[in-house]
Amino acid sequence: MSTVETNMGEDRKKKLLKKDVVSAFWRWTFFSHANYNYERLEATGVVHSMTPIIKRLYGDDPEAYKACLKRHMMFYNTEPHIGGVISGMFIAMEEERANGVPITDEMINGIKTGLMGPFAGIGDTLWQGTLTPILLAFGISLGIEGNLMGPLIYTILMFGIMFPVAYFMWMKGYSLGKSGIQSVLGGNLLRTIITGASALGAMVLGGLSASFVNVTSPAVIKVGEVQLGVQADILDKLLLGLLPLGVTLLTLYLLKNKKMKSTNVLLILMAIGVIGGVLGIL
Amino acid sequence: MTINVFQAFLIGVVYYLGLVGTPWLSLLGSISVLYKPLVAGTIVGFILGDPVQGCIIGATINLPYIAFISAGGTVPVDPGLAGTLGTALALAAGVEPSVAVTLAIPLGLLGTMIWVAHMTVNVTFVHMADKAAEEGNLEKINFLHVVPPQIIKGIMCIIPVMVGAYYGVDVVATVVDMLAGKPLHILSVIGGILPALGIAMNLRAINREGTIFFFLGGFMMAIYLQLSIISIAVFAGIFAYFYTKLTVREGVQS
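For the record, the sequence lines run as chains A and B. Position in the first sequence (from 1) plus 484 gives the number in this note's numbering. Position in the second sequence (from 1) plus 117 gives the number in this note's numbering.
Wrong hints could be hidden among the right ones.
So the derived label-pair ranges between C-beta atoms look like this [claimed, not checked]:
(1) B:Val169 - A:Leu723: 48 to 56 angstroms
(2) B:Ile347 - A:Val707: 40 to 48 angstroms
(3) B:Met245 - A:Lys539: 18 to 26 angstroms
(4) A:Leu632 - B:Ala209: 15 to 23 angstroms
(5) B:Asn324 - A:Val707: 39 to 47 angstroms
(6) B:Ile347 - A:Phe643: 22 to 30 angstroms
(7) A:Asn748 - B:Val169: 42 to 50 angstroms
(8) B:Ala297 - A:Lys742: 30 to 38 angstroms
(9) A:Asn741 - B:Met118: 53 to 61 angstroms
(10) B:Phe260 - A:Arg496: 27 to 35 angstroms
(11) A:Leu712 - B:Phe330: 28 to 36 angstroms
(12) A:Ile640 - B:Tyr358: 34 to 42 angstroms
With a straight-line Cα cutoff of 25 angstroms, these simulated SDA-like cross-link-like pairs (lysine to any residue) come out [stated by the list, open to error]:
(13) A:Lys554 - A:Lys745
(14) A:Lys498 - B:Asn259
(15) A:Lys742 - B:Ile329
(16) A:Lys554 - B:Pro265
(17) A:Lys740 - B:Asp247
(18) B:Lys248 - A:Met557
(19) B:Lys299 - A:Gly725
(20) B:Lys299 - A:Ser701
(21) B:Lys299 - B:Thr219
(22) A:Lys721 - B:Leu344
(23) A:Lys656 - B:Gly354
(24) A:Lys502 - A:Lys539
(25) A:Lys745 - B:Ala234
(26) B:Lys362 - A:Ile677
(27) B:Lys248 - A:Phe559
(28) A:Lys554 - B:Thr237
(29) A:Lys721 - B:Gln343
(30) A:Lys706 - B:His302
(31) A:Lys656 - A:Asp589
(32) B:Lys299 - A:Thr700
(33) A:Lys742 - B:Val238
(34) B:Lys299 - A:Pro702
(35) B:Lys362 - A:Glu590
(36) A:Lys539 - B:Val263
These are calculated hints, taken from the structure and not from any lab test. Backbone N, C-alpha and C define an ideal beta-carbon position, used for all residues, glycine too.
Taking the hints into account, I'd like the entire structure generated from these sequences.
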């Protein structure tokens, strides 16, 4: 703890300006998904948004600069507004690291991988699952009567609510990261946070899988006079949600155990859909 | 009403600007605003000279998509194509808004192909960005992040919509008829399967001991207890608290 505190002394060489953090926020707000893709999703979006941060912190150290680029090219996917809190946190961690605080790649990656799932789940549920339908219901009820205020008010409310929320989360993450990291490094706290966030993340992903993976079988098996609906009479009796669960676990197996590329897994999933659909199994 | 080439082009641009992730209007301005048939239909109405009717048709087409969520890098259906091309064709053909919905729903399924295609092509630019990262070239990563994906996406979005809007109702109706039944069913089956990819990739990224059991726990809570994601997150937070108390103190987790 004491060594950390001496490192955190008055003579901090590298300090982010508020405009760097705010500029990173706007870059993220506009460009987070500009190169959204099946392999690493928002990875290049993270690097793009971090540009002012990376330049300020590592501009004078080519090796650290390059290492930071590579560190943030990893798979990243979260809900970008409420999940902006994660960006704020790892920006603060990079700032500490640039000032000599012993923050490893594993700590930064752990914060990202542990928190991106929960914030994707919570953020998408609040924004796309709750706020959007409420505002849409309002906008549609006006619009369907031919009132152009419907789409207009919908748009204004959407921006007026989500931009301040996103900005608040981003800055909150940054100040949390700044104030939290000294105490975090002192004990087991960072390990606790990463372990806890991983458990939380996996559980929320389970809920997401149940809600968003939608696979059912319309097939009917005829045994003499008896007709058995595969979904209602067989699969649902075994385990509700067996097919969505099976598909998700199969995908995980192909990615993790078989070390397949995500684009190949994508093709396999599409082939399953085509074959299942043609044969009337799915 | 007929749609001229310039109008068809503008409708294509509206679709492109609304597709999730296009940077011009921010992410929110794409997925939450211009991607919604309510807004897209109104703008298509302005382009075709009848914003009020466009707004009515757009609002009607939006109804089945109220609960639309894009999660884990997938879109199960594409309200953007339904809202732009659907409204344009319904306006041009002068059909009732309720008929417009039945025309728009298959378009929404077709749109998922454009989504899958651009998400796949973009992988190339990530690999190029990896090389740029090796060289320590941030400007090149930023260029690869912004410019090539937008060119690809612009072409993939604008041309099909332009052709569809210009050649109009007959062609689109024929295509939709040809695809009716099995092909559209298959597209919706694939739309239901693909969210598994984003979720599995996230699970792989977490990659810790016991991850799978927490995953199963969350899945079962959603299926058998019918809990919402938010309440699962609260329970998960409680479990995670005790789990870390037990494991981290004993030094089990590395």
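Against the structure shown, which of the earlier numbered hints fail to hold, in ascending order? none
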